[in-house]
Amino acid sequence: MAAQTIVQTVARTLAEEMARDERVVLLGEDVGKRGGVFLATEGLFDRFGPDRVIDTPLSEAAIIGAAIGMAVHGMRPVAEIQFADYVFPGFDQLVSQAAKLRYRSGGGFSAPMVVRMPAGGGVAGGHHHSQNPESHFVHTPGLQVVYPSTPGDTRGLLRSAVRGDDPVVFMEPKRLYRAVKEELPDDDATIPIGRARLRREGDDVVLISYGASMAETLKAADALAAQGVSADVIDLRSLLPWDQDLVLERVARVGRVVVISEAPRTLSFASEVAATIAEEALDLLEAPPARVTGFDVPYPYAQDRAYLPGPDRILRAVQRVLDY
Amino acid sequence: MIGNVRRFEPFGQAPIRVIDDDGRWVAPFACDLDEARLRAIYRDMRRARRFDERLSTLQRQGKVSFVASAAGHEATQVGAAHALDAGRDWTFPYYRDLALALALGWPLAEALAQQMASRIDPARGRQMPAHPGSAALRIFTTASAIASHVPPAVGSAMAQKLAGRGDVTLCSFGDGATSEGDWHAALNLAGAQGAPAVFLCQNNGYAISVAFRHQSGSADVATKAHAYGMPGYRVDGMDPLAAYYVTRQAVEHAREGLGPALIEALVYRYGPHSNADDDGRYRPADEVAAWRRRDPIARYRRYLEGRGLWDDAAEAALAAEVKAEIDDAVRANEAAGRAPLGWMFDDVFADLPPHLRRQRDELAAAHELERDGH
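Read top to bottom, the protein sequences are chains A and B. Our numbering puts the first residue of the first sequence at 561, with every later residue one more than the last. Our numbering puts the first residue of the second sequence at 9, with every later residue one more than the last.
Chain B on its own, in the form it takes in the complex (with noise of 0.2 Å):
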C-alpha cells in the first residue's frame, strides 16, 4: 500500500514493470520520487557496477582472492535499497548483495576491505570476499551457507515485531536458496507469526550451473508465496522502479502489521557464478547477449534522460567521482596489509577462555621460533 492506495496485486501472470525495455514509464500511477531520490538510484546502480568491475581486475592482479559478480542484479538491489529505511531496518543479506549493501550505505572502502581482508575491514579479516555485513547499519554478516540466513532473518522479525515500533527486516537470496529446508522452515515460521519480514528472491535462472527448471516444479518463485500464508510478487528485477515500488508496498505492509511477503524479481547474472566458475559449460552465449541488451542502468538511464534528469556530462561526472572514490579505497587498503595473525583466536567467544589462551601461546611461540630461524 502507497499513501493507501495498494499498487499490485499479488499473484499476477505477467511480471510487474514500471519503466519499459525502453526507459518508457508504463506503470498506472505517476511517479513520486523526488529527482534526487531517482538520480540516487542511478548513481548506485552505476557506481556498485563500476566497484564490480574493478574488483575482478583486482582478483586477477592477485589483490583479492573471489569475486561473485553482482552485474545484472543492481536494479533489484538498489531498487530494493532505496525502499527501506536504511540503519532502522534490518537487512540479512546473501553472497551476491554487494549492490545491495552500498546503496544501504555501506561504504566503499569498509566493502573493499572485506574482499581484501585488510587490517581496517570492521570484520576484522574474519571472511572470504564477496560477504557484506556492518553492525553500525543493521546488514546481518553474510554466510555462505546457503540460505542459513532466512530463519535468523524472521527472528530478526519477530524481535522487531514484539517491540513494535514498526520495523522491518529484508531478507535477500537466490534461486537456489528456496530449495533448502531452512527456507521453507523460515517462512513457514514467518507466516505463522506474521512477522514483519520482506523476502527477496533474486532469481537469475540458475545456481550456479543448475537451471530453474531443476531446481524446482514450480513455475517460479513467488507462487510459494502461498502455501505461507503471504502475497507474493513477481517483478521485471531489471526495472529499479518496480524493484522499488514493490518493495516499498511489502515493506509498508509489514510495517503496518499485515505480516510478511515474498517478492521474486528476475535477474540475469552476467558473469559466471564466481571467478572460480565457467558459464560457457550450461549456458548459451546468446542467451547471455540477450540479457545484456536489457541492462538495467541503460534502461534507467534512457528513463532519466526522457525527464531530463541525466545527460553525458553528468555521466563523465559520476565516472570521475566513483573513479575517484575506488582509487582511494585501493590505497587505503594497500596500505594498511593484511589483517595480522594475532587476530585468529579473537571475538571466537566474548572472553578468550583457557584452551584458547594456551592455543594462541602455541601459534605464538611457533612464529617467534621461525622468527628466529629454527
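If we strip away everything but chain A, and leave its shape as in the complex, we get (with noise of 0.2 Å):
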C-alpha cells in the first residue's frame, strides 16, 4: 500500500471498521456528501450511505448526545466534532451522560463510542480552530483521551477505539494531518489504550510529548543529536490511561527529563506527568523536570507560531537540565 497521511488513514481506518463491524456509524456536521470539512469521511457517504454516514444538524450536544443513545443500542457510533473547539456545547453530554453512564447504571449500560476532533494550533485559525483541550476530557474520570502523531499510531488506536467497550476522546493533530507519510503493512493490528511508545533512544535526556507537537519534539531531537546530546523520544499517544511504566522506566535510566505539551501550561497534561515524576522518581533525578508548554492566554492569532512550543524553546529548556 502506498504511504499514507494521518488523514487518509482516518477516512481508511474508519472504512475498514465499518466493513468489519455493521454496527459502526457515524454521524457529524459534513461527513456525508461533503466527506467532513479536512476529508476524514472522504467516500464513507457514498459506500456506505446515509443510515451508517450521517450529516447531522448543526449542534455537538445533539450529535454527541445522538451517539450516546445510539452507543447504549449496542451501536458503535463514530462522532465528528469538527474542531476540538467546538466540542464545548457538547461537553455536557461528555461529561455528564458518556462519562459516567457506566459508573451510575452499576454498568447495566455503557456507551461504547468514539468522538472524533482534530484539534492543535499553527493553522493560522485563532483561538477557535487551534485549541488543545485534552486537560478537560482527561480530568473527566470515565472517558479515554489519546492524541496519536503518526498514520500508524493514528491506525492502531483507532480501531482499539471502535472496538472498545468505553468512551473514547479521539483528538487528531490537525497540524500533522498532511505533513506525516507512512507505508502501513497489510494487517489487522491494533494498539492498546494507555500504551507509549519509544519514538527515539538516547542517554541525555528524556523528551515527553504527544500530539501535533510531537513534530516540534522530533526536531529538537535531531538538533540535539546534531550538538553531541542524544535525547530518548516518548510519543505518550495514550492520556488517558497513559503508561506511567514506561516514562518512569525510561526517566529512572536517564535522570533528565523534558515534557513538551502545546496545550496552556496551568494543569496541562505536559504538568501531570512532571508531577508523577517528581513524586515517583525524585532521588533518581539529575535536575526538576522541565515543562515546556503553550502559555495560559488564549490562543493567540498573530502571535501564533511563537505561541507553539517550538524546537528553540525545547532546546532552552534541555540546556537547563544539562546545566543544572
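For the record, the hints were derived by calculation from the structure and aren't laboratory data. A hint or two may mislead.
[Unchecked claim] Across the chosen pairs, the derived CB separations fall in these ranges:
1. B/G237 <-> A/P860: 41 to 49 Å
2. A/R723 <-> B/A373: 31 to 39 Å
3. B/E342 <-> A/D725: 29 to 37 Å
4. B/A171 <-> A/R723: 44 to 52 Å
5. A/Q863 <-> B/G70: 57 to 65 Å
We put the beta carbon where it would ideally sit given N, CA and C, even for glycine.
Both chains are sitting in their own frames, so use the hints and assemble them into the complex.
In C-alpha cells:
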C-alpha cells in the first residue's frame, strides 16, 4: 500500500471498521456528501449510505448525545466534532452522560463510542480553530483520551477505540494531518490504549510529548543530536490511561526530562507527567523535570507560531536541565 | 391514531381530557381498555403515592438522604407508562419519575435499594436517591443534569428507526428542562431525523421556585413543537386516561414511522421540589390546596366506582398489599446494608486501568491503617 497521511488513514480505518462491523456508524456535521471539512470521511457516504454516515444538524450536543443513545443500543457510533474548539456545546454530554454512564448504572449501561476531533494550533485559525482541550477530558473520569501523531498510531488506536467498550475522545493533530506520511502494513493490528511508544533512544535527556507537538519534539531531538546530545523521545499517544511505567523506566535511566505539550501550562497534561515523575522518581533525577508548553493565554492569532513550543524553546529547556 | 382513527388534534386551545374532575367520561370516543388494565392504572398510582409517602418518612428517619416527591404527577406518569410496551420500548426518565418507573415494572425493592444505596441496588449505590434506571427494563439511568438525557433519547430513537422494528423511545422531563440548549438541540435533531421519540413534558408550573412565565415567553410548551416539525399536545395531566390516550396516539404515530411528538401534561407537585426546599417562599398555600382538590387518584377512583370497578373493600385490600410490599422492601434493604467501599473503583471503565488499581490500593491501605488504630 502506498504511503498515506494521517487524514487518509482516518478515512481508510473508518471504512475498514465499518466494513468489519455493521454496528459502526458515523455522525457529524458535513461528514456525509462533503466527506468532512478535512476529508476524514471522504468516500464513506457513497460507500455506506446515509443510514451509516449521518449528516446531523449543526449541534455538538445533538451529535454527541445521539451517539450516546445509539451506543446504549449496542451500536458503535463514531462522532466527528469539526474542530476540538467546538466540542463545548457537547461537553455536558461527554461529562454528564457518556463519562458516567457505566458508573452510575452499576455497569447496566455503557457508551462504546468514539468522539473524533481535530485539535491543535499552527494553522492560522485563531483561538477557535487551534486549541488543545485534552486536559478537560483527562480530568473527567470515565473517558479514555488518545492523541496520536503518526498514521500508524492513528490506525492502531482508532481500531482500538472503535472496538473498545468505553467512550474515547480521539484527538487528531490537524497540523500534521498531511505533514506525515507512512507506508502501513496490510494487517489488522491494534495498539492498546494506554501504551506509549519510544520514538528515539538516547542517554542524555528524555523528551516526552504527544499529538502535534511530537513534530517539534523530534526536530529538537535532531538539533540536539547535531550538538552531540542524545535524546530519548517518548510519544505518549494515550493520555488516559497513560503509560507511567515506560515514562518512569526511561526517566529513571537518564535522570533528566523535559515534557512538551502545546496546551496552556497550568493543569496541562505535561504538568501531570512532571508531577508524577517528581513524586515517583525524585531521587533518581539529576535535575527538576521541565515543562515546555503553550502559554496561559487564549490561543493567539498573530503570534500563532510563537505560542507553540517550537524546537528553540525545547532546546532552551533541555539546556536548563543539562546545566542544572 | 388509534385503530386508524386519529382521536386528538395537536395544538388545541383547551387541555385534552378524557374524564372530568368528577370522574365522568367526557371524551368523544368509547373506552377500549379492559377492566384489568383500568384497575392496574389505579393500583399503579395508589402504590406510587404510598411509596412516595413512605420515602418521606424514611428521609425523616435518616434512612434516605433525599426525596423528590412525585405526588401530583402520578396520573401522567402512570398513564404514559401504560401506553408503552414495557421491556420493548425505551424510556429516558428524569428525577421525579418514580411513579413512571414503578408502573413500567421497576421492582419496588429495587427502587428502594436505589434510594438507600444498599447492597442490592443493581446500580451499586452510585447515585443519590430519586434517580430511577433499569437496564433490564430499558429505563435509561437518570442523570441530575437537567435535559442532558434528551439528546441521548433521540439517539436511542434513531437507533430504533435504523433497526426498523417499530420500537419507540419515551423521554420525560419537567418544564424547566425546556429552557436548556440540549432540549432544543434534541428536539431539533428528532424532527430532522423523523426519529420515533415521544417527548413528555410534565409541566408543574415551577422549576424549583421559578414559575413557568419566567421560564419562557411562550404561553405553553406544546406550541414549541411547531418549530421542530412535530405535533404538540396539551393534556390535563391530572387525568390518567388523557395521559394514556394521548401518549398512545403519539407512540402509535412514532411506531408507524410518522416521527416524533411533544406532549405537555399540566400537573402539579403537591410538595416542595425536594425535602431540601421550602415552597412556602414562592407559591401560595391556597394554590397548592386548589390543586390537591383535583387529586388524580381520587378523581380516577370516582370514574372506576362509577363503572362498578372499585369499592372500599378493593381499596382496603390494595392498601394492605402495598403496605406489606413496602415493609418487605424496607426490611430487605436494611438487612442488605449499604454498598461497600470496594465498589468505588468498579465500572469507571470496562476494565480497571493501572492508575485506578493504584488508587484503589491506596484507599485500601488507608482503611487498613484505620482498622489497625493508627
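Going through the hints against the structure:
1. B/G237 <-> A/P860: 41 to 49 Å: 43 Å, holds
2. A/R723 <-> B/A373: 31 to 39 Å: For A/R723 and B/A373 the Cβ distance comes to about 35 Å; the hint holds.
3. B/E342 <-> A/D725: 29 to 37 Å: The hint (29 to 37 Å, Cβ to Cβ) holds, given that B/E342 and A/D725 are roughly 35 Å apart.
4. B/A171 <-> A/R723: 44 to 52 Å: At 21 Å between Cβs, range violated.
5. A/Q863 <-> B/G70: 57 to 65 Å: 59 Å, holds
When the structure is compared with the earlier hints, a violation turns up for hint 4 alone.
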